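J.: One-letter residues, chain by chain:
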Amino acid sequence: MPANRFNGFTDYGVGIGLRIPHYQHIFEQKPVVDWFEIISENYMVEGGRPLHVLDRILEQYRVVQHGVSMYFGSAEPLNREHLRRLKNLVRRTKTPWLTDHLCWGSVDGRYTHDLLPMPYTFEAARLTAEKIRQVQDFVEIPVAVENVSSYAEFHLSEMTEWEFLNEVVEQADCGILLDVNNIYVSSRNHGFNPLEYVNSVPAERVAQIHIAGHSEFKRYTLDTHDHPVIEPVWQLYARAIERCGPTATLLEWDDNIPSFDEVHREALKANRFLHKQEDLLPSFPSTTEPILEEATR
Amino acid sequence: MSGVLVELQKRMAAAVMEPLTRNETTRRIRRDGVAMEREAAAFIKPNDSLSSLERLEIYNRQYWFRLYSSFEDDFPGLQAVLGRRQFERVMRAYLDQCPSISFTLRDLGSRLHAWLTNHKEFTAPKSRLAEDIAGLEWAHIEAYDAATTPPPTPEFFANVTEETVFQLQPSVRLLDLSYPVDDLMIAVRQDAGSNDTSTNNATATRKVSTLRRVANLPPAQIWLAVHRQEFTVYYKRLTPEEYRMLTAIQAGNAFGVAFEAAFANSTMDEADRPAFLQECFHQWAILGWLCEPEIPSHEFARTGELQ
Ligand SMILES: [Fe+2]
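First to last, the sequence lines map onto chains A and B. Take 1 as the starting number for the first sequence in this note's numbering and just add one per residue. Take 1 as the starting number for the second sequence in this note's numbering and just add one per residue.
Derived from the structure by calculation, the hints contain no laboratory data. On a predicted model such as this, the values are computed, not experimentally measured, just so you know. Ideal Cβ positions, reconstructed from N, Cα and C, are used throughout, including at glycine. Among the clues, some could well be false.
Said to hold, decoys possible - Quick partial rundown of chain A residues pointing at chain B, CB under 10 Å, derived from the structure:
(1) Ala75
(2) Glu76
(3) Tyr111
(4) Met159
(5) Thr160
(6) Asp226
(7) Pro228
(8) Pro232
(9) Gln235
(10) Arg239
(11) His275
(12) Gln277
What the hints assert, rightly or not - In silico DSS-like cross-links for lysine-lysine, where the CA-CA straight-line distance does not exceed 30 Å:
(13) B/Lys120 - A/Lys87
(14) A/Lys218 - B/Lys45
(15) B/Lys120 - B/Lys45
(16) A/Lys30 - A/Lys218
(17) B/Lys10 - B/Lys45
(18) A/Lys269 - A/Lys218
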């Protein structure tokens with residue numbers, strides 16, 4: 001299960017987001033890290049220090065690209081310049097799969113730079129799936145879409161968020177980046193059972209999992225990525241791993257970023273669930289995928 | 001394409017991008033007279049703890065805070081020159097009138113210099129100083145991650161004639177300024193705790209009062225090249241002749257034309273010009289500013305239409 005066609009038949013372990021405050025530590029200490037996730041847009045530039053730093057990272061580490069502004073769900077066409085730059089970066093990083101969000105964020109070429117929630121309609125699912133397919137065809141590697149945290153729901157919606165996710169990924173035939181913290185945050189804001197969400201996800205499509213911390217306010221919960229992961233989110237993670245098998249996992253920490261070691265230690269807590277699951281796996285291949293993995297090398 | 005989805009996204013985006021009140025809350029009445037509470041309720045469901053408007057407000061505030069933070073990081077010099085209150089007025093008006101049209105926030109300030117030039121009422125009485133510093137800060141951002149073009153072959157240099165067309169290194173930005181804002185920018189960056197002038201967007205707290213003293217600069221015309229060596233951005237003052245010649249080269253003119261442009265209004269003695277020219281070329285070659293013209297890439301055109 002861990003290696004599947006949505007993550008390029010890879011078997012990545014536990015990674016963390018590559019962030020500027022950690023550059024020095026990484027270059028000086030060369031810590032052992034399974035993989036780094038980069039924000040694609042930060043490196044979709046022509047030259048200079050960002051690409052130099054990235055190249056140094058690529059010499060030593062595996063990198064997976066995560067985007068924040070493709071806006072599969074925006075009603076307007078894809079941005080060609082964005083795609084061109086993204087593909088150039090894919091060639092550079094050799095990312096086995098890439099991810100962006102199941103959301104919208106631009107109208108008439110104007111960008112909000114936010115991850116705005118979708119109305120969960122069949123029409124929106126069809127359009128979003130079509131755009132995911134276009135990106136997938138263009139970049140020529142698997143694309144996985146991430147469920148976002150949300151603070152609003154629309155009157156227009158015809159289904160639950162997880163039904164919408166299912167609808168989109170089936171139509172697009174793409175992977176899922178399952179963010180269990182986002183599920184938790186949205187469940188707090190919209191009053192659904194987060195476990196029902198995790199249980200409804202097509203496990204065979206999960207390419208990667210995100211874990212993160214958030215902030216609780218009196219009347220709503222915000223996805224702030226500035227805290228350790230809380231226990232209920234670990235529980236959702238445990239359930240996701242139970243269903244999907246040991247899956248490439250990444251801790252997001254974007255604000256009030258502590259030391260590299262602290263972030264890495266927090267991420268590695270995922271291992272207690274991953275290894276527990278590995279212990280449960282039979283010693284022979286349970287699916288044909290590992291054999292496929294060999295064949296593609 | 002779904003008309004329903006388009007309409008929802010247009011309405012939601014308009015609401016999210018509507019400027020906040022002075023207290024950073026969502027306006028009750030939008031500038032076009034629409035009541036925001038009714039507008040929000042038209043498409044957003046309320047829940048037990050938040051009204052439709054309150055749910056919209058989370059996104060409205062998030063939008064503006066993200067833009068403010070990016071803009072503040074990109075233009076610390078402008079803030080030093082204008083002071084916090086005037087800077088905020090500029091920031092709010094600019095971001096309202098020139099919302100992001102790029103997938104990356106890096107480009108947020110791309111239209112600022114032109115906007116300031118057309119909206120001097122926001123920066124008076126320091127309009128020219130504000131325009132100069134904003135122009136320099138944008139040039140710095142551009143130089144920081146511009147492409148690097150390899151130096152020309154020795155054969156190319158050996159065969160330079162009046163007809164030769166050079167291309168300037170893409171990171172080179174040429175500025176004609178009324179104030180010595182290069183010194184000011186270096187002070188701003190040092191004050192921000194960074195002695196590496198290449199750090200795009202140093203975010204440390206800036207000692208605004210110190211900076212404002214520095215900001216009371218007397219005018220003095222300077223010509224400046226903002227350029228990058230390896231991964232560090234530098235400022236280099238130019239003579240007016242150098243500036244005019246480089247500007248002509250950057251515009252795609254042949255070397256002979258650039259030479260004419262350099263000395264068009266020059267007071268430099270004719271006899272000194274050949275040596276001056278030789279020295280210029282020597283320096284520019286060392287700095288890697290002169291490149292062979294690139295053949296444009298049409299890679300994307302071959303990949304076909306997307307939508
Ligand atoms: Fe995430």
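J.: If a hint holds in the structure, say so; if it doesn't, say that too.
T.: Here's how the hints hold up against the structure:
Nearest Cβ of chain B to the Cβ of A/Ala75: about 4 Å, under the 10 Å cut. The hint holds. At about 8 Å, the closest approach between the beta carbon of A/Glu76 and any beta carbon in chain B falls short of 10 Å, and the interface hint on this residue holds. A distance limit of 10 Å between C-beta atoms decides the matter here; for A/Tyr111 the minimum to chain B is near 4 Å, and the interface restraint holds. Of the supplied interface hints, the one on A/Met159 is violated, with its beta-carbon coming no nearer than about 14 Å to a beta-carbon of chain B, more than 10 Å.
Interface restraint check: A/Thr160 against chain B, minimum CB-CB distance 13 Å, threshold 10 Å, status violated. Interface hint at A/Asp226: violated, since its Cβ lies 14 Å from the closest Cβ of chain B, which is beyond the 10 Å cut-off. At a threshold of 10 Å, the smallest CB-CB gap from A/Pro228 to chain B is about 23 Å, leaving the interface hint violated. This hint is violated: A/Pro232 has a C-beta 19 Å from the nearest C-beta of chain B, more than the 10 Å allowed.
Restraint check, A/Gln235 versus chain B: the minimum CB separation of about 24 Å is more than 10 Å; hint violated. The criterion of a C-beta within 10 Å of any C-beta in chain B is not met by A/Arg239, whose closest approach is roughly 25 Å, and the hint is violated. Interface hint status for A/His275: violated, as the beta-carbon distance to the closest one in chain B is roughly 38 Å, over 10 Å. A distance limit of 10 Å between C-beta atoms decides the matter here; for A/Gln277 the minimum to chain B is near 35 Å, and the interface restraint is violated.
Restraint check for B/Lys120 and A/Lys87: the C-alpha separation of about 41 Å exceeds 30 Å, so the hint is violated. The suggested pairing of A/Lys218 with B/Lys45 holds, with an alpha-carbon distance near 19 Å, which does not exceed 30 Å. Taken as a hint, the B/Lys120 and B/Lys45 pair is broken in the structure, with Cα atoms around 43 Å apart against an allowance of 30 Å. Between A/Lys30 and A/Lys218 the alpha-carbon distance is near 42 Å, which puts this suggested pair outside the 30 Å criterion.
At most 30 Å may separate the alpha-carbon atoms for a hinted pair to count; B/Lys10 and B/Lys45 meet this at roughly 17 Å. With a C-alpha separation of about 28 Å, the suggested pairing of A/Lys269 with A/Lys218 holds against the 30 Å cut-off.
Hint check: violations occur at hints 4, 5, 6, 7, 8, 9, 10, 11, 12, 13, 15, 16; the rest are consistent with the structure.
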